[in-house]
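There are 2 protein chains.
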Amino acid sequence: MEKIQHRNLYREVADRVRELIEQGVLTPGERISEKKLCEQFGVSRTPLREALKVMASEGLVELLPNRGARVTRLTVKKVRNTYDVMAALEGLSGELACRNISDEKVATIQRLHETMLDHYRKRDLQPYFRVNQQIHEHIIAAADNDVLEEMYNNLSQRVKRVRYSKKMTEDYWKRAVEDHEAMIEALQKRDGPMLGRILREHLCNKLEVASLEGMIEEEEDELPSRAVSS
Amino acid sequence: MEKIQHRNLYREVADRVRELIEQGVLTPGERISEKKLCEQFGVSRTPLREALKVMASEGLVELLPNRGARVTRLTVKKVRNTYDVMAALEGLSGELACRNISDEKVATIQRLHETMLDHYRKRDLQPYFRVNQQIHEHIIAAADNDVLEEMYNNLSQRVKRVRYSKKMTEDYWKRAVEDHEAMIEALQKRDGPMLGRILREHLCNKLEVASLEGMIEEEEDELPSRAVSS
DNA sequence: AAACGGTATTATGAATTCAAAATCAAGACA
DNA sequence: TGTCTTGATTTTGAATTCATAATACCGTTT
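In order, the protein sequences belong to chains A and B.
Under full-length UniProt numbering, the first residue of the first sequence is numbered 1, with each subsequent residue one higher.
Under full-length UniProt numbering, the first residue of the second sequence is numbered 1, with each subsequent residue one higher.
By construction, these hints were calculated from the structure, which means they are not laboratory data.
A hint or two may mislead.
Because identical chains share one entry, a pair is satisfied inside a single copy or across any pair of copies.
Below are the SDA-like pairs computed for lysine to any residue, each with C-alpha atoms no more than 20 Å apart in a straight line [stated by the list, open to error]:
hint: 1; residue 1: K78; residue 2: N153
hint: 2; residue 1: K160; residue 2: E150
hint: 3; residue 1: K77; residue 2: G29
hint: 4; residue 1: K36; residue 2: Y120
Can you make the complete structure from the sequences, with help from the hints?
Written out as structure tokens, the structure reads:
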């Protein structure tokens, strides 16, 4: 009773490679050996190479002509740029969500909000983030815009690797929760512009970036060659 | 003295296919014959198939398992969704541009604006649109955000095919120009929130969508098969 | 010992080949 | 006549093969 095989192989392979990157098995800047991965996955190079090309267009790997693929190295600037765009998309999702969202869905989000508040009061950071993430995903889903969702998921995936250890100070956390209170209120009132503004400026995103400063190595752009500095 | 050949073949092929789609040689919903295109381009199926997979991830073609590729059919909903996201991205570009843009670049944009006004006074629609487009591109460039630019270009490409015949009524046109006046003013004052708001709500985008209603066939989702409904 | 040069090896890019699925074309049957 | 099989043909998906570029290895030279 294995999984049925009609999905294209290259998609399967791409998902596997994405996992490896996400889990840090393949580290940023690391050269990807086609041969090794092919053996590991038990497929030929054709689907792997197709997967790598797709992932390159997604920004997860870089292809160096005649020199293979490397996991894209995240820089602070790239992450900041990505979060800025994600914030804009979230803002749009807020505006759109207010147009059509049903009372039931608002209620669902409100319940998630209450749960999140619980975690906040107990200072359970991980559960807090998890529910927080869910709330944002629900709003994006409510926006009912495939393109928006697709773009957001793409960007989200690029920066997934840096989702560790956000430094959450009391003050920031308090303000983030206040933002969420205002979000719920705007959602209930179906105040699109307001919800949009809150989400665009929601400091959750900026926060992560801030905490990243100094966490990502900004150094060499090229492959470490034998002949390094004398 | 031909172009040197170190660019990957699949990229070359993808560009060619994109042109064919843009020019309407390959029509929406049309099935793409790998064999025919390979012969036309003089390449094997490998790079073509890689190109198609990348283009699928870009949303330009759809891959049906074991049934080949088709040019993505644009629906009114898809176009509307795309323009909504593009507007959000433009809004962000406005906010970001105001942070760093130099006086010289503002002046360049202002000159473009004057040119555009000329075209407006003469009611030269095509040149007006061209310069209009340039202004938006300049603002996006001034935002200095690779990710933003990448996303915008991707979306822009998807809807390039419908850039025909926008119904530009006098009233709409007048308001669009007013928007642009306000944009320049906001840019000069480096008023990011203002420029962002204008761009997000700039009716240029909505307008096109409106004019599309009824222009795109919304019908069948599947290939016309022999064995249709009983 | 370090630097250079040349060959062997390996990895990549692309074409070709092979297996399986889908499509097409007749022919059997109601 | 129209529908349903059945087999031939085409097309797709993936593995393999082949040519070329990059890398590693190793001896020579200074």
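Each hint tested on the structure:
1. K78 x N153: Both: 16 Å inside a chain and 17 Å across chains, each within 20 Å.
2. K160 x E150: both (15 Å within a copy, 19 Å between copies)
3. K77 x G29: Answer is within; shortest intra-copy Cα gap is 16 Å, inter-copy 40 Å.
4. K36 x Y120: The answer is neither: 45 Å in one copy and 60 Å across copies each exceed 20 Å.
Consistency note: the structure conflicts with earlier hint 4 alone.
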